[in-house]
Amino acid sequence: MAVNLAAHHTFFPQLSSSSSSSNAQKLQFNPASSLRSCLNSASTKIPKNSISAINCASASAVSTAEVSAAKEDFLPPLEVSEIVAKCRKWVWRGYTINYFVYPESNSDTAAMNPPLLLVHGFGASIAHWRRNIPTLAQSSTVYAIDLIGFGASDKPAGFQYSMEVWAQLILDFLDEIVQRPTVLLGNSVGSLAYVIAAAVMQIADFDLAKIIFKANDGEESVIRVVGTYGIDSPKAIVDDWRIKLFLPLLWLVDFLLKQRGIASYLFDRVRQRDSLRNVLLSVYGNKESVDDDLVEIIRKPALDEGALDAFVSIVTGPPGPNPVQLIPKITLPVLVLWGDQDPFTPIDGPVGKYFSSLPGQLQNVNLFLLEGVGHCPHDDRPDLVHERLLPWLASISVS
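Numbering (this note's numbering), first residue to last: 1 to 399.
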């Protein structure tokens with residue numbers, strides 16, 4: 001399943017105000033006092049105006065000729081070794097975060113369009129976008145980031161991971177590194193993290209799909225939120241009878257994983273090449289996309305020191321805010337690309353049913369079901385994703 005949300009963001013006052021003073025000190029976040037509190041209190045601090053959202057329907061009305069032309073522009077993937085060699089480091093709240101920029105120098109076309117920020121899903125990293133980056137970079141500067149706890153970013157001992165922490169990291173990255181209106185594309189937990197960020201941003205002043213407000217340092221910033229790419233948390237929605245039946249099992253799994261010996265044994269089994277390949281084959285519709293590179297993209301970070309602690313903390317941690325409560329806060333265009341063979345979040349499950357109903361309820365949401373595609377559409381069938389995504393991005397840029 002995938003949701004494509006494009007977000008133009010530079011500053012979020014409550015989250016960016018402390019970034020410059022806390023980089024030298026490692027902080028442990030309390031989600032209850034960060035993004036969630038902002039959702040509850042920001043409306044009293046920032047004037048709220050009406051919003052004029054761009055209608056995303058143009059993405060579904062693109063002509064066959066335009067789609068065919070886009071196909072000719074699809075480029076081969078980057079080599080994983082090239083991505084690794086060109087990654088950069090950013091110190092966030094005292095932790096080292098891995099990120100990637102492509103191309104390194106902007107073309108005239110890329111300079112005219114908003115940059116893109118790619119946010120990976122659970123267990124993945126920057127290289128999971130290797131099949132998308134070259135094609136997307138033809139018209140925009142592409143940034144990709146390893147969330148803390150994943151990829152080559154730090155996996156600190158004792159760190160309490162949460163969706164809110166990742167959302168704050170994304171906001172700070174846009175604030176400190178990108179510093180331009182930016183389109184967000186994500187998959188799985190990465191998308192839920194920036195949906196949280198987008199929901200927070202919707203509280204600010206709007207002017208024709210732009211959020212304009214003053215940061216604490218007095219600088220004016222512009223944010224524009226346009227869509228998402230992948231929401232997924234099995235614990236986040238519990239109003240479906242099937243999930244309620246499995247809650248005791250989920251609690252048992254949480255308990256077992258908190259036992260160090262059991263967790264270590266299970267993690268060692270999961271990160272074996274054959275085990276990873278079998279898991280990937282079960283969640284990909286296009287089995288040819290499950291190659292040796294993909295297996296290593298998932299496996300290598302799992303060998304890092306701190307990977308076990310990160311895995312346990314993430315799997316047993318809170319599910320994060322319910323997307324059903326967040327999406328209505330996002331009144332700007334949303335493009336949903338959903339694989340019809342997604343076993344984690346099937347289209348007939350509670351999350352799938354909810355998103356399937358959105359186009360009929362919210363004018364700003366479009367959804368396309370991708371045939372023969374699993375949980376990671378962007379890597380499973382990048383051609384199908386690019387066919388829908390590129391014209392949509394072009395319409396956003398024009399708007």
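No lab work stands behind these hints: they were computed from the structure. Hints are supplied without guarantee of correctness; some may be wrong.
Claimed, not checked - Simulated DEER-style distance windows between Cβ atoms: (1) Thr96 to Gln363: 19 to 29 Å; (2) Arg269 to Thr109: 42 to 52 Å; (3) Val324 to Val279: 25 to 35 Å.
To be verified - Taking lysine to any residue and the SDA-like style, the derived pairs with C-alpha atoms no more than 20 Å apart in a straight line are: (4) Lys86 to Leu75; (5) Lys353 to Gln363; (6) Lys89 to Lys300.
Quantities reported herein were computed from a predicted structural model and do not represent experimental measurements. Glycine residues also receive a C-beta, built at the ideal position from the N, C-alpha and C atoms.
Query raised in the report: Where does the structure disagree with the numbered hints, that is, which hint numbers, in rising order?
Result: The structure conflicts with hint 1 only, although it agrees with all the remaining ones.
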